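Participant: Listed here are the chains, written in short residue letters.
There are 2 protein chains.
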Amino acid sequence: MSTLSGSTNGMTYAPTGKPQPVCQPGEFVFAAMALDHGHIYGQTNGLREAGGICKWVYDSDPARVANFLTKYPEAKAARSEAEILGDPEVKLVAAAAVPNLRAALGIRVMQAGKDYFTDKTPMTTLDHVAQARAAAAATGRKYMVYYSERLHVESAIFAGDLVQQGAIGKVINVIGTGPHRLGTGRPNWFFNKEQYGGILCDIGSHQIEQFLHYTGATDARVVAAQVGNFANQATPELEDFGDANLVGDNGATHYFRVDWLTSPGLRSWGDGRLFLLGTEGHIELRKYIDITTDNGGDQLLLVNKDGEQRIPCAGKVGFPFFGRLIRDCLDRTETAMTQAHAFKAAELCIKAQMAAVRVSR
Amino acid sequence: MSTLSGSTNGMTYAPTGKPQPVCQPGEFVFAAMALDHGHIYGQTNGLREAGGICKWVYDSDPARVANFLTKYPEAKAARSEAEILGDPEVKLVAAAAVPNLRAALGIRVMQAGKDYFTDKTPMTTLDHVAQARAAAAATGRKYMVYYSERLHVESAIFAGDLVQQGAIGKVINVIGTGPHRLGTGRPNWFFNKEQYGGILCDIGSHQIEQFLHYTGATDARVVAAQVGNFANQATPELEDFGDANLVGDNGATHYFRVDWLTSPGLRSWGDGRLFLLGTEGHIELRKYIDITTDNGGDQLLLVNKDGEQRIPCAGKVGFPFFGRLIRDCLDRTETAMTQAHAFKAAELCIKAQMAAVRVSR
Chain G
1 MSTLSGSTNG MTYAPTGKPQ PVCQPGEFVF AAMALDHGHI YGQTNGLREA GGICKWVYDS
61 DPARVANFLT KYPEAKAARS EAEILGDPEV KLVAAAAVPN LRAALGIRVM QAGKDYFTDK
121 TPMTTLDHVA QARAAAAATG RKYMVYYSER LHVESAIFAG DLVQQGAIGK VINVIGTGPH
181 RLGTGRPNWF FNKEQYGGIL CDIGSHQIEQ FLHYTGATDA RVVAAQVGNF ANQATPELED
241 FGDANLVGDN GATHYFRVDW LTSPGLRSWG DGRLFLLGTE GHIELRKYID ITTDNGGDQL
301 LLVNKDGEQR IPCAGKVGFP FFGRLIRDCL DRTETAMTQA HAFKAAELCI KAQMAAVRVS
361 R
Chain D
362 MSTLSGSTNG MTYAPTGKPQ PVCQPGEFVF AAMALDHGHI YGQTNGLREA GGICKWVYDS
422 DPARVANFLT KYPEAKAARS EAEILGDPEV KLVAAAAVPN LRAALGIRVM QAGKDYFTDK
482 TPMTTLDHVA QARAAAAATG RKYMVYYSER LHVESAIFAG DLVQQGAIGK VINVIGTGPH
542 RLGTGRPNWF FNKEQYGGIL CDIGSHQIEQ FLHYTGATDA RVVAAQVGNF ANQATPELED
602 FGDANLVGDN GATHYFRVDW LTSPGLRSWG DGRLFLLGTE GHIELRKYID ITTDNGGDQL
662 LLVNKDGEQR IPCAGKVGFP FFGRLIRDCL DRTETAMTQA HAFKAAELCI KAQMAAVRVS
722 R
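If you're matching them up, the sequences are chains G and D in order. If you read the first sequence in my numbering, its first letter stands for residue 1, the second for the next number, and so on. If you read the second sequence in my numbering, its first letter stands for residue 362, the second for the next number, and so on.
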């Protein structure tokens with residue numbers, strides 16, 4: 001985990017210490033299934049780097065299984081979901097199903113006595129939220145979510161450390177932009193709103209999770225939300241733009257904008273940014289690229305009483321979420337992310353989606 | 362005015378051509394009065410650089426008049442407002458009164474047959490808007506506004522040129538941040554909400570004016586707004602934070618955040634930014650500082666099909682508004698800014714202020 005140095009001169013803040021494996025080999029066995037979204041590779045990488053062993057993989061599409069096995073040859077292809085759910089050695093199932101199927105899968109996983117680690121967005125309806133909450137409570141299992149745009153971004157992790165240590169005072173406003181490249185080769189479900197859940201529910205979930213995390217809000221009201229399809233008339237159910245304004249239960253405010261409009265001229269898939277305004281300073285993240293420079297991504301810019309500081313975070317912070325998640329599963333703690341937080345972010349992104357007014361021009 | 366070069370290789374866009382004086386010496390005579398806000402110097406500078414002659418200055422405070430005369434010795438101290446309003450040679454009155462007095466002054470100026478050029482925010486109530494609209498219509502005079510965070514920022518001017526020339530397609534979203542340093546020595550009216558109008562009405566007016574300008578919206582709905590005092594309990598009527606979300610009549614959306622929380626560690630009075638999302642690219646402005654670098658302010662970053670480009674605009678674009686305003690006054694045209702636009706931005710910032718929910722934490 002990253003820590004602040006104690007000095008108070010100009011260049012004060014630097015991340016130190018990357019996470020290490022948190023368990024003995026073989027102590028934490030997991031499986032991967034429902035490989036519908038490529039995020040399953042990020043989920044698997046994170047768990048493996050923190051000491052987890054991927055024992056099984058299952059998907060109804062053998063080609064996806066074969067591809068997974070080329071990357072993780074230690075895994076075995078399961079014959080069915082049931083084979084994984086019936087294996088008492090498996091402690092957690094990582095999955096990246098089609099979004100509107102994620103809740104049902106998670107409930108089956110938890111009812112089989114295992115923790116669940118799903119790609120975001122973790123669900124697409126308020127019914128899903130209620131059912132998943134009930135199942136988690138009934139089974140005592142975890143329904144954890146791969147909110148990758150924070151959990152798998154070193155600058156985003158370090159920003160959380162800085163906030164926690166008071167580097168910018170109380171965080172009163174969060175602005176996030178999550179532009180994404182549409183590209184080619186997206187599956188059919190990507191363009192079907194019932195299946196992907198709408199843009200605010202889908203990639204908006206990263207944003208709301210960030211807001212809750214950085215401000216410490218435990219709930220929020222969606223005060224405005226908009227969605228539109230501005231540049232993709234051929235796929236009318238794709239929302240290529242969405243934005244929303246929220247007010248947290250602690251008075252902090254949030255705005256985010258997400259889109260599928262990244263220009264072909266950008267060297268990255270998206271110019272994702274995060275702006276934290278505190279009562280005593282501000283932080284900006286240039287997550288994936290620092291446009292027009294060769295700085296690389298993961299640039300954290302901090303302005304506070306100590307001056308202006310640029311802290312390149314790539315390779316210096318690591319991704320402590322995964323090790324904490326493994327420990328949480330083994331120890332039945334909540335150090336990586338509370339269950340309440342994971343569900344609240346899911347609930348709010350669905351509420352934003354439901355509240356959204358359609359715009360066009 | 363800035364123009365695009367015709368080439369289509371990587372570094373395509375560069376501003377060329379600064380405005381020159383637009384009239385003969387003595388052809389455009391103006392006066393300055395109501396020096397309550399220091400913006401009067403920016404207003405006066407802009408008009409003088411474009412060829413205007415500042416003949417008179419008036420303020421009830423002789424010290425402010427004396428200070429003005431040290432900067433512009435060609436001006437004469439008038440004995441009263443009436444002396445200026447009665448001078449047929451004066452074509453325009455520039456003023457920076459206490460905000461809630463700006464409308465009444467402007468109406469007197471227009472009724473005296475002169476155009477009015479006020480500091481933003483141009484008024485603080487919807488009654489003011491109605492009265493000023495009626496007076497402008499009745500007199501045929503102009504009620505123009507110094508929305509300085511666009512009009513007096515070269516990168517902001519060049520962004521408008523790029524948008525107009527289609528560099529990023531249709532602009533569908535505008536995010537603006539307008540942090541300001543509170544500092545010391547602010548006058549009493551600055552802390553009295555009736556007088557300054559509230560933060561969304563005051564410095565929020567810059568933001569909404571930008572939104573209308575860059576998107577071409579002629580009207581908008583305020584869909585959410587918040588204000589708060591997070592760090593200045595000793596001056597409870599000061600709103601040190603505000604944000605708002607708007608939807609334009611053309612479907613474009615807008616979010617802005619303004620505050621008086623600039624950290625002492627920032628080398629500038631504010632890290633003002635503007636983000637324009639288009640259907641074919643995006644533009645970012647780092648208006649006053651490019652934090653952690655020595656690039657200076659007025660950095661325009663453009664991402665579109667031609668790649669990523671950084672265009673330093675300082676000293677290269679100039680401020681065409683002022684010359685156009687002078688020509689508009691002489692020729693009775695609307696090339697600098699339409700009256701409808703100036704009033705609509707004023708109306709919307711007041712509506713945002715009226716809609717604002719108070720937040721605290």
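By construction, these hints were calculated from the structure, which means they are not laboratory data. A hint or two may mislead.
Claimed, not checked - Cβ-to-Cβ under 8 Å is the rule here; a few derived chain D residues that face chain G:
#1 487
#2 488
#3 641
#4 668
#5 720
Unchecked claim - Where chain G lies over chain D, by a calculated footprint (3+ residues, C-beta under 8 Å):
#6 531–544
#7 579–591
#8 611–625
#9 631–638
#10 657–667
#11 682–690
To be verified - The list that follows gives simulated cross-link-like pairs (lysine-lysine, BS3-like), each with its CA atoms no further than 27 Å apart:
#12 193(G) - 554(D)
#13 71(G) - 55(G)
#14 344(G) - 170(G)
#15 666(D) - 531(D)
#16 677(D) - 170(G)
All of these numbers come straight from a predicted model, not from anything done at the bench. All residues carry an ideal CB built from backbone N, CA and C; glycine is no exception.
Participant: Keeping to a limit of 27 Å between CA atoms, is the pair of residue 677(D) and residue 170(G) held or broken?
Facilitator: 39 Å, violated
Participant: Count the residues of the region 682–690 of chain D whose CB lies closer than 8 Å to any CB of chain G, then report whether that count reaches three.
Facilitator: violated (count 0)
Participant: Does residue 554(D) sit within 27 Å of residue 193(G), going by the straight-line distance between their CA atoms?
Facilitator: Since the Cα atoms of residue 193(G) and residue 554(D) sit roughly 46 Å apart, the hinted pair is violated (cutoff 27 Å).
Participant: Given a cut of 8 Å on the nearest C-beta pair, is the interface hint for residue 488(D) held or broken against chain G?
Facilitator: 27 Å, violated
Participant: Tell me if the straight-line CA distance from residue 71(G) to residue 55(G) falls inside 27 Å.
Facilitator: 13 Å, holds
Participant: When I compare C-beta atoms, does the region 531–544 of chain D have three or more residues closer than 8 Å to chain G?
Facilitator: holds (count 6)
Participant: Hint check: is the beta carbon of residue 720(D) less than 8 Å from a beta carbon of chain G?
Facilitator: Holds, because the Cβ-Cβ distance from residue 720(D) to chain G comes to roughly 4 Å (cut-off 8 Å).
Participant: Take the shortest C-beta to C-beta distance between residue 668(D) and chain G; is it under 8 Å?
Facilitator: 4 Å, holds
Participant: Against chain G, does the region 631–638 of chain D show at least 3 residues with beta-carbon separation below 8 Å?
Facilitator: holds (count 3)
Participant: Is the hinted pair residue 666(D) and residue 531(D) satisfied, with a Cα-Cα distance of at most 27 Å?
Facilitator: 14 Å, holds
Participant: Let me know if the C-beta of residue 641(D) comes in closer than 8 Å to any C-beta of chain G, holds or violated.
Facilitator: The hint holds - residue 641(D) has a Cβ within 8 Å of chain G, the shortest such distance being about 7 Å.
Participant: If you draw a straight line from the CA of residue 344(G) to the CA of residue 170(G), is it 27 Å or shorter?
Facilitator: The given pair, whose Cα atoms are some 21 Å apart, holds under the 27 Å limit.
When the structure is compared with the earlier hints, violations turn up for hints 1, 2, 11, 12, 16 and for no others.
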